[in-house]
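**Q** Once you have looked at the hints, place chain B on chain A.
Protein chains: 2
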Amino acid sequence: MSLLFAILFSIFISLLAFGFAGWLYLWVKKQDSSNPKIHSISELIRSGANTFLRKEYIILAKFAGVVAILILLFLPAPIWHGNWVENVTMTIAYLSGTVFSAFAGKIGIFVATIANKKTAEAAQKGIRPSFLSGFRGGAVMGMAVVGSSLLGVALVFYITNNPTMILGFSFGASSLALFAKAGGGIFTKTADISADLVGKVELGIAEDDPRNPAVIADNVGDNVGDVAGMGADLFDSHVASMAAALVIGSAVDMIVGDSRFTVMVFAYAAIGLLASIIGVANARMGKKGNPTKALNSSTYITTALFTALTALATWIFNFEWRIYFASIVGLLVGVIVGIATDYFTDDSKKPVQNTARASESGPALTIISGVSYGFLSVLPAMVGIAFSAFIAYKIAAPLGTATGNEVEFALFGISMAAVGMLSIVGMIISNDAYGPIVDNARGLAEMGNLGEEVIAITDALDSAGNTVKAVTKGFAIGAAGLTVISLLGAFITEVNSAIIERGLSDPLIQGFDIMNPAVFFGLLIGAAVPAVFSALLMLGVNRNAERMVAEIHRQFETIPGLKEGKEGVMPESDKCIEIATNGALKELIPAGLFAIIITIVVGFVGGVYAIGGFLAGNIVSGLLLALFMSNSGGLWDNSKKYVESGHNGGKGSETHKAAVVGDTVGDPFKDTAGPSINTQITVVSLIASLLSVIFLMYHIF
Amino acid sequence: MSLLFAILFSIFISLLAFGFAGWLYLWVKKQDSSNPKIHSISELIRSGANTFLRKEYIILAKFAGVVAILILLFLPAPIWHGNWVENVTMTIAYLSGTVFSAFAGKIGIFVATIANKKTAEAAQKGIRPSFLSGFRGGAVMGMAVVGSSLLGVALVFYITNNPTMILGFSFGASSLALFAKAGGGIFTKTADISADLVGKVELGIAEDDPRNPAVIADNVGDNVGDVAGMGADLFDSHVASMAAALVIGSAVDMIVGDSRFTVMVFAYAAIGLLASIIGVANARMGKKGNPTKALNSSTYITTALFTALTALATWIFNFEWRIYFASIVGLLVGVIVGIATDYFTDDSKKPVQNTARASESGPALTIISGVSYGFLSVLPAMVGIAFSAFIAYKIAAPLGTATGNEVEFALFGISMAAVGMLSIVGMIISNDAYGPIVDNARGLAEMGNLGEEVIAITDALDSAGNTVKAVTKGFAIGAAGLTVISLLGAFITEVNSAIIERGLSDPLIQGFDIMNPAVFFGLLIGAAVPAVFSALLMLGVNRNAERMVAEIHRQFETIPGLKEGKEGVMPESDKCIEIATNGALKELIPAGLFAIIITIVVGFVGGVYAIGGFLAGNIVSGLLLALFMSNSGGLWDNSKKYVESGHNGGKGSETHKAAVVGDTVGDPFKDTAGPSINTQITVVSLIASLLSVIFLMYHIF
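Chains as they are written, first to last, in our numbering: chain A, 1 to 701; chain B, 1 to 701.
Isolated chain A, as found in the complex (with noise of 0.2 Å):
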């Protein structure tokens, strides 16, 4: 396969994705959606979601103009000592980043703010249309992001014929992300948690009743945070999966001579497309009407249409099979790792309800239990990561032994584990985009009045919905677990050629020896990135919740009737849209240019030594805090969900409100701080690339 072909290919497989998007999106739209009052209430969300979009995108376009003079003054050399076509082209392609990322996210949110109301008023026909609806909306979301990666990397690939411009792209991308992922993360909690805290806690009403002001806010948070946030963050893993086995991928095809890893790395991302998009066109809810199953199943085809087309295009057009197999190794640790983080957050496994029972201590009880199941729940996908790597090394490494390069092709081999992990991912960004879309169905149900029948099906719709999305949140930190592993073999890919291409008298880089005191410095202080930024924005959910819990008090004690339900009082629901809008974009900015900053620093202070510690340091402590956030977060959700489906008191019982706190602290964890820092582990090895020549010229020690 030429590279021109697979290219080509690229780019008609997301055009295609495109297209398919398209039809799914006039699908749902042409389904029923008559009753007036659910028709207001999502107008409502809708016209939330776009606010809060319009603003946090003004705010991130302005930060994107600051980065794109940077990077025009300094990337990928200060322009001054280089070549200013180069520079003028970097920022274009960091440009592009970050608009293909936020027009992926604004259709996202387009269309799942239609299909909210198309699944909740076709859960009175059924849980089967009422799954379709949801479902498909989420699929929207799905093929716009992939197709959109897979479509602007080929693009700038095409054009420059430089992996170093990928970076770039990638980068545009993993700031916007780095934004959207903390921003949508810290709306979306303050919302939820200020509704739970003064609705289920203080007053004791259901969760989506309409006189709670904060109710509306929750929802249009599931959009902003669940669909656009987590879109824009599997973009950046995406982008960056293949940015950093394209940069890998061209070092290895210089030493054989033709272009066949690179051409690998495309043929593989498109199939990766087109196995999502057949994968998601064969979702459907069987006659048992099992919802989890039905996602479920469209995810085991996807894989293993995967599994499959690569080994036929593997064979057809003579790839090496030792990096076919580095890559369906990187999708095994996938599926390991989703399933460990099943057992710790299902319930009917032991955590969940071990957890339960300790609530009946009270909620102290409660947390401390949380907390160890989620520490223990690291082992296992740390120890499938750490194999992973080791395997895909291992199984790539002797390609090179006839030319000495063992390691670039280990590197890339565990590169190629990262796009395979990732090769699936159109298909998690459906059934994840399809949570915050039955979520939303649930509220406009309970809000229009549509019955209990109605409610119980959106219900039903909305726990699998969780399921699903524990299991795909491992699967989307194992794969950033794997693509910053390779972006530090970029990032000495990038150093070491730069010294070649520029004749700089530095030593070509090795590795980094941890007893290297610039490398364990950079270690130390990388470690301690993700917990510091995890606490900037949990403080900031914590600090807007505060004001929104004081807004609600305000609206409960000052309109009249409006405790009491009396007909036609509406709350003052834009208020704390407002609140939650501004404090997100308000807190977002700490948490986001400290992971930046702090990087910079490092890499002045100690130079590229002190950086690769400083990414091996971040690499290891953020994924054992993601793991942990998100699998604690997750396991409190259910272990609530358990007691209120009658266990341990059920309902209502002091347990159920201990359950309730843990639910409640799970929130920041596994929305908001948990899946940020995979955005914040990428955005801080791509700007560890990119700069590398920078830190390499200047440094202080």
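Don't read these hints as lab results, they were simulated from the structure.
Since this is a predicted model, take the numbers as computed values, not measurements.
Hints may be right or wrong, so weigh each one.
As the list claims (entries may be wrong) - Mimicking DSSO-like on lysine-lysine, the simulated pairs with C-alpha atoms at most 27 Å apart in a straight line are: (1) A:586 / B:350; (2) A:651 / B:200; (3) A:350 / B:586; (4) A:106 / A:200; (5) B:586 / B:55; (6) A:200 / B:586; (7) A:200 / B:651; (8) A:575 / A:55; (9) B:349 / B:55; (10) B:106 / B:30; (11) A:563 / A:37; (12) A:125 / A:586; (13) B:586 / A:349; (14) A:586 / B:349.
Stated by the list, open to error - Have a look at the derived ranges for each label pair, beta carbon to beta carbon: (15) B:645 / A:563: 28 to 38 Å; (16) A:203 / B:601: 24 to 34 Å; (17) A:653 / B:547: 15 to 25 Å.
Don't be surprised by glycine CBs; every beta carbon is placed ideally from N, CA and C.
**A** What follows is chain B alone, placed relative to chain A:
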């Protein structure tokens, strides 16, 4: 200074410490204690503590017996490969380590359980005599621990003249500490949590209300956890820091051809103990009666004395000034870590106050806030340790420039930074052991009806203990961090000398490259270990607390008149002590074994490179989690006290209830898991060093 003189000097100073401890003990013993009620309660505590200690030591003796047999067979090399005399010596060194550690713990408990009642009764005369009883009681422990440590190391070195045997001695100390800290930590927090959950939260009775069956167990717990367990922990750190410095020091001595660096290790350690003796002797409360100031001022005296006396010794005996400065850097970082910790746990600073304010919105925000600040708090300490290791390395490296041994000297510099940081450990233990003694005294004053005024005095003493404890805990963690970094250096030294001495064909280890897949593999798994270890301990506390809460409920329900406080009706405290004891001894096994076994498995799977990565991952994530848990625990504790002192609603308010939840969650964080991680890291490092030859010979990949 000759080596013999340095060793004899060390032995002399440790005997001096024992003599001083004896004098302190006699002083404490001759203080008044005439109140029969206090005497009888104090006897209950004393016998409870001794029962626990006896049962614990029986289990540990069995464990040590098994390990001793394994050492005899396999260490330093399999007996059929090596020299049986070495194996016998190593076995004896190991057993001596366990015996010395157990002995120090036993002395500590012995004196603490006398000093508690003396302190309580002295409070009737005023705060100054009461302070002195508490402090001098704690100082016995401080002197005994450091005296035993220095004496043991000096004797083993004198007899064997082989630093590897010090590793064996250190391993004995560590393996005892691992279980003593974990077991004591589980005991104390089981009792504390259960007493609080039923007493404060459910029934709303005071902290040390004599009706509560768990109160005596809680006071026993202070002794077995915070006196014996903490003593074992710091004994372990002190021995380990000397062991690492002696291993690396011997290697650099070989380079220079005399024993001047080994001499320095002994001289500095002995001077540290001497400075602590003088500091303790001068601890006295000023006229204003501020106990925190009194504790801190004696620490300052010790620190200043150490700085001055080592400078003097360096000048007189012509030691290397570069090593002197490396050592002082360590001490300085200890201070920085201490100050940073103080900021996050001081109730006049934002973190504690914001957490108290967050508690107004319920326990969920208390937890989120505390976790967030706990995460933030890791940054200054990690950066401090990173810089100190970096600077110590850079200061010491030039000593090896002439002979091309920069790395060896640099590592010696780091190990001496750890020795410097731990030089004042005698003082730190004295301050630390003071805490549980005055805590006990407070309980005795309340249970013995000594009146409000006396309780207020013990409260003031207790509060100072908490403040100082938070700082010294930061110190201990920082010290463990530096120690383990130097143990990593000791590990390399051990492996390389084994390769040379035994004529193995393996290439010498230059370092651990993160890009080596075995190193990275180890790094990821090593990072997961402290999380899993903590989880197992905390789950143990949870399970045990559930059992004890059930028992307390049973007593309140079945013992007539207990709840009402009828004259003469006593709870069955011994039942609670029994539950705490048996539970702790049962639950400490899985955590300890997990840490030991996974190290061995990784070594056999990936060889010495995987172990190198494993140790690095373990240090990094261990520091992170230990700092996080200790600091957030301290923060919650003080935030609760802040509310109790009348802020944000004060005692009995909803805010207070939420703050109590935070405090309860913080209990196992700061007193079970957090500080046990130190020991876990040291044990794992020592196992790695001791088994290095075995891992070199037998590994799968």
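**Q** Does each hint fit the structure? Answer for all of them.
**A** Now the hints, each set against the structure:
1. A:586 / B:350: holds, 20 Å
2. A:651 / B:200: OK: residue 651 of chain A and residue 200 of chain B at ~25 Å, within 27 Å.
3. A:350 / B:586: holds, 20 Å
4. A:106 / A:200: It is violated: about 32 Å lies between the C-alpha atoms, which goes past 27 Å.
5. B:586 / B:55: With Cα atoms ~11 Å apart, residue 586 of chain B and residue 55 of chain B stay inside 27 Å; holds.
6. A:200 / B:586: violated, 39 Å
7. A:200 / B:651: holds, 25 Å
8. A:575 / A:55: holds, 16 Å
9. B:349 / B:55: Judged against 27 Å, a Cα distance of about 43 Å means the pair is violated.
10. B:106 / B:30: holds, 20 Å
11. A:563 / A:37: At roughly 21 Å apart (the allowed maximum being 27 Å), residue 37 of chain A and residue 563 of chain A satisfy the hint.
12. A:125 / A:586: With a Cα-Cα distance of about 43 Å, the restraint between residue 125 of chain A and residue 586 of chain A is violated, given a limit of 27 Å.
13. B:586 / A:349: holds, 23 Å
14. A:586 / B:349: Distance of about 23 Å is within 27 Å: holds.
15. B:645 / A:563: 28 to 38 Å: Holds, at about 35 Å.
16. A:203 / B:601: 24 to 34 Å: violated, 53 Å
17. A:653 / B:547: 15 to 25 Å: Holds - the Cβ-Cβ distance for residue 653 of chain A and residue 547 of chain B, about 21 Å, lies within 15 to 25 Å.
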